Amino acid sequence: ETGVTQTPRHLVMGMTNKKSLKCEQHLGHNAMYWYKQSAKKPLELMFVYNFKEQTENNSVPSRFSPECPNSSHLFLHLHTLQPEDSALYLCASSQELLAGGGELFFGEGSRLTVL
Amino acid sequence: EDKVVQSPLSLVVHEGDTVTLNCSYEVTNFRSLLWYKQEKKAPTFLFMLTSSGIEKKSGRLSSILDKKELFSILNITATQTGDSAIYLCAPCWAGSYQLTFGKGTKLSVIP
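Protein chains in written order, with the working numbering: chain A, 1 to 115; chain B, 1 to 111.
I should point out that these hints are in silico values taken from the structure, not numbers from a laboratory.
Just so we're clear, the structure is a prediction, and the values are computed from it rather than from any experiment.
Heads up, none of these hints are tricks.
DSS-like cross-link-like pairs, simulated, lysine-lysine; straight-line CA separation at most 27 Å: (1) B/K68 with B/K57; (2) B/K106 with A/K40; (3) A/K36 with B/K41; (4) B/K37 with A/K36; (5) B/K40 with A/K22; (6) B/K37 with A/K41; (7) B/K106 with A/K36; (8) A/K40 with B/K37; (9) B/K41 with B/K106; (10) A/K19 with B/K40; (11) A/K52 with A/K18; (12) B/K41 with A/K19; (13) B/K103 with A/K41; (14) A/K40 with B/K103; (15) A/K41 with B/K67; (16) B/K41 with A/K18.
Below, a sample of chain B positions facing chain A; criterion: calculated Cβ distance under 8 Å: (17) K41; (18) A42; (19) F45; (20) G102; (21) K103.
Each residue gets a CB set at the ideal place from its N, CA and C atoms; glycine is no exception.
Generate coordinates for the entire structure from the input sequences, incorporating the hints supplied.
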């Protein structure tokens, strides 16, 4: 148990579906992140939220839409995805933004397969 | 072009062996470097290094940073099958909101 919970753990969707990934952190942290991990590629940062305000969007396609209603919850809404979007999506949190180079706490990830 | 290069990409050793994992990086305004262990899905934190030459140690694992030569190593002594995982290196630039991860080193420890 890492203190960061992601659901669902596995998701299979067609290219026309709309689905959402959910992340909840129980650590009282102020910053939350979405990362994408594809096979044989480094972890890629997608979005950063600090005190539920988006601070960074790393040129992510609009078919990925994040939502952060409060500092404990983070969603990733998925719409008209492509097969190349199949990956492990990891949510993470940190006490403060990583400007100080601090530690990230990761969830178990949501394994997404787009058919 | 990769800013963080980890080597080797994969490694197979026998229990009891000692391994050294390498991480080199390009940087402007370096702040810190973090090591993570990823066994199945969630990467878990191992070390954060900010100063050159000061070894961080936790049980059989240790790590050191060389800010002049821009690299870090992670040592694991007396390896066990439970050490099998992907080890990720991630430098953090000052003023940045993100860690830049390497591709990782996949370590397999066989009995």
